[in-house]
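Protein chains in written order, with the numbering used here: chain Z, 6 to 261; chain E, 57 to 429.
Hints are computed from structural coordinates only; laboratory data are not their basis.
Since we're looking at a predicted model, the values are computed, not measured.
A couple of the hints might just be wrong.
[Claimed, not checked] Ranges between beta-carbon positions, derived for each pair:
| no. | chain 1 | residue 1 | chain 2 | residue 2 | range |
| --- | --- | --- | --- | --- | --- |
| 1 | Z | Q103 | E | T380 | 48 to 58 Å |
| 2 | Z | Q103 | E | D235 | 17 to 27 Å |
| 3 | E | W171 | Z | R134 | 32 to 42 Å |
| 4 | Z | D31 | E | L229 | 50 to 60 Å |
| 5 | E | P160 | Z | R87 | 31 to 41 Å |
| 6 | E | V201 | Z | R18 | 39 to 49 Å |
Glycine included, each C-beta is placed from N, C-alpha and C at the ideal position.
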Amino acid sequence: MTHTVHEGAASSRPLLYLDGVTVSFDGFKALNALSLVVENGELRSIIGPNGAGKTTMMDVVTGKTRPETGTVLYDGDVDLTRLDETAIANLGIGRKFQRPTVFENLSVFENLELAQKNQRGTWQTLRARLGPGLREGIARTLETIGLAGRESVPAGALSHGQKQWLEIGMLLIQDQRLLLLDEPVAGMTDRETEATAELILALAGERTIIVVEHDMEFVRSLGARVTVLHEGSVLAEGSIDHVQSDPAVIEVYLGR
Amino acid sequence: MPGRTRILSAQGWASFIACFAVLAVVVPVLNLLPAASPLRLSDYLIPLLGKYACYALLALSLDLIWGYAGILSLGHGAFFALGGYAMGMYLMRQIGTRGVYANPILPDFMVFLNWPRLPWYWYGFNHFSFALVMVVLVPGLLALVFGWFAFRSRVSGVYLSIITQALTYALMLAFFRNDTGFGGNNGLTDFKDVLGFEIQAPGTRRGLYVVSIIALGAGFLLCRAIVASKLGRVLLALRDAEARVRFLGYSVEHTKLFVFTVSAVIAGIAGALYVPQVGIINPSEFSPANSIEIAIWVAVGGRGTLWGAALGGVLVSIAKTWLTGSLPEVWLFVEGSLFVLVTLALPGGIAGLLRKPSFGRGKRVPLVGEQPR
Numbered sequence: 006m007t008h009t010v011h012e013g014a015a016s017s018r019p020l021l022y023l024d025g026v027t028v029s030f031d032g033f034k035a036l037n038a039l040s041l042v043v044e045n046g047e048l049r050s051i052i053g054p055n056g057a058g059k060t061t062m063m064d065v066v067t068g069k070t071r072p073e074t075g076t077v078l079y080d081g082d083v084d085l086t087r088l089d090e091t092a093i094a095n096l097g098i099g100r101k102f103q104r105p106t107v108f109e110n111l112s113v114f115e116n117l118e119l120a121q122k123n124q125r126g127t128w129q130t131l132r133a134r135l136g137p138g139l140r141e142g143i144a145r146t147l148e149t150i151g152l153a154g155r156e157s158v159p160a161g162a163l164s165h166g167q168k169q170w171l172e173i174g175m176l177l178i179q180d181q182r183l184l185l186l187d188e189p190v191a192g193m194t195d196r197e198t199e200a201t202a203e204l205i206l207a208l209a210g211e212r213t214i215i216v217v218e219h220d221m222e223f224v225r226s227l228g229a230r231v232t233v234l235h236e237g238s239v240l241a242e243g244s245i246d247h248v249q250s251d252p253a254v255i256e257v258y259l260g261r
Numbered sequence: 057m058p059g060r061t062r063i064l065s066a067q068g069w070a071s072f073i074a075c076f077a078v079l080a081v082v083v084p085v086l087n088l089l090p091a092a093s094p095l096r097l098s099d100y101l102i103p104l105l106g107k108y109a110c111y112a113l114l115a116l117s118l119d120l121i122w123g124y125a126g127i128l129s130l131g132h133g134a135f136f137a138l139g140g141y142a143m144g145m146y147l148m149r150q151i152g153t154r155g156v157y158a159n160p161i162l163p164d165f166m167v168f169l170n171w172p173r174l175p176w177y178w179y180g181f182n183h184f185s186f187a188l189v190m191v192v193l194v195p196g197l198l199a200l201v202f203g204w205f206a207f208r209s210r211v212s213g214v215y216l217s218i219i220t221q222a223l224t225y226a227l228m229l230a231f232f233r234n235d236t237g238f239g240g241n242n243g244l245t246d247f248k249d250v251l252g253f254e255i256q257a258p259g260t261r262r263g264l265y266v267v268s269i270i271a272l273g274a275g276f277l278l279c280r281a282i283v284a285s286k287l288g289r290v291l292l293a294l295r296d297a298e299a300r301v302r303f304l305g306y307s308v309e310h311t312k313l314f315v316f317t318v319s320a321v322i323a324g325i326a327g328a329l330y331v332p333q334v335g336i337i338n339p340s341e342f343s344p345a346n347s348i349e350i351a352i353w354v355a356v357g358g359r360g361t362l363w364g365a366a367l368g369g370v371l372v373s374i375a376k377t378w379l380t381g382s383l384p385e386v387w388l389f390v391e392g393s394l395f396v397l398v399t400l401a402l403p404g405g406i407a408g409l410l411r412k413p414s415f416g417r418g419k420r421v422p423l424v425g426e427q428p429r
């Protein structure tokens, strides 16, 4: 009984809560009193013109940038502004960068090995052994991202799209609760884009996912709630049809 | 098999054991042959080879952090010298009444400076075991404290190289002062014996040489164990994309601090073995140029290979011994151009020439770690 009550409480509070977050670089306000609420298990798309603050928002959530003012809470009560990148990653927040960032001098397999959910301490890492269970997990992920049979290829030798997929694979095997995807389909072919949308939709619900994208077709195919950012704050929010018909959005973003 | 954590492959073990056997057994046996034998290795070569072994160990220690973690320390000579001084202090106190002033407690330079008593930090160095602890502890602790501040403040790349230079320079100035209590610019010398063995005796030198080779072998295996582990792959990862490693949940600071400290301890041990074989330790070992030379050894031998770095340490030192003897004025030019040449034309160093090119690993590895963005 108490268990159900607890679950009810957990699902009613948002997984990510940003309120009044401001970040400025040399007087330029990258985020201007940004407020954003993402529910547990939600899939959310974020769009906006260049310089709207999309990447800065991700930097704030992952601890790379500290906001001057504002509240950033994870899972109800964890204050993310007090934690560094490492601690935030270990809370269950994963990130995929805009430019695919894989470890180019390590093999595909080793990239996944490092990302795999495991103890992260220096001493544990020194003594870590790859058991059959972990190997199986890596093999499964290789299948999912279509890189099976290429595990010993250095990541630097992969095509752009394959690097994107490897990075998504690293995020999957990390088994994070909240995934921040910064332009996951940039530089992908139409087929790869389609497959990525399928993958994201398959994960939605199980994980909370925030996707930043420019590709309107892709955002439409996700069918998720869309937040439009402009000059560091929220301009509009709602379904894709709703925001696309919003005159303010058309003016600053779609109309250009 | 991908994701392996074996220290060496079967072939690697075979080469390692062969090299070790030649250096630790064949060389001392050749030295023991009767003087008339044409194969005899003369006595003066033994401490010279021992010195090269210490340099190789020092090169290994730098390669661990530079080649794998992208931390270019240009102050690694400081850790080497501190280990050397710890050993030198023990050797100094062994002299006892055989010194010029025949003072049973105070080393000669303290008597000469009219010091009434032994400074507190010289206590305990009459015991060999205490000195051994200090050989590990002093460089290790300095690296831990220095690294903690540097890595926590996210100092990396060339900025880190510059402050390591400043560190060794500051130590050099401090050790040059007579008041610091380490013999000023003369340093520590005129050693008589180590553990009761006469330090100049051929037998002692053979022993020190063999111990140096054992330390080199053990240091190599320790470094291999680190780089072959998952932690070794984290090191390569943070060398190439530090921010990404943070977002994966690894502590870049702790990882760097760990290898930096291990590396400093290895350098300190190399210094401790070096001092009894060359018979002197003075502040010039702290000079920034010495530390830069270590980086040249590693670059010439091949970064990120360990054995290549050790080989580079030996080959460049042999070249230096030979050239400073026959053409002293050209050595600095040779050394400088060697570094430029290797950086531009041979980024993999000697080891890169010998290793078969591996498919796709074409991405150039930067000289120092990723710059903060």
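Structure-based check of all given hints:
1. Z:Q103 - E:T380: 48 to 58 Å: For T380 of chain E against Q103 of chain Z, whose Cβ atoms are near 53 Å apart, the range 48 to 58 Å holds.
2. Z:Q103 - E:D235: 17 to 27 Å: Since Q103 of chain Z and D235 of chain E have Cβ atoms about 57 Å apart, the given range 17 to 27 Å is violated.
3. E:W171 - Z:R134: 32 to 42 Å: 56 Å, violated
4. Z:D31 - E:L229: 50 to 60 Å: Between D31 of chain Z and L229 of chain E, where Cβ atoms are some 39 Å apart, the hint is violated.
5. E:P160 - Z:R87: 31 to 41 Å: Violated - the Cβ-Cβ distance for P160 of chain E and R87 of chain Z, about 59 Å, lies outside 31 to 41 Å.
6. E:V201 - Z:R18: 39 to 49 Å: Because 43 Å falls inside the window, the suggested range holds.
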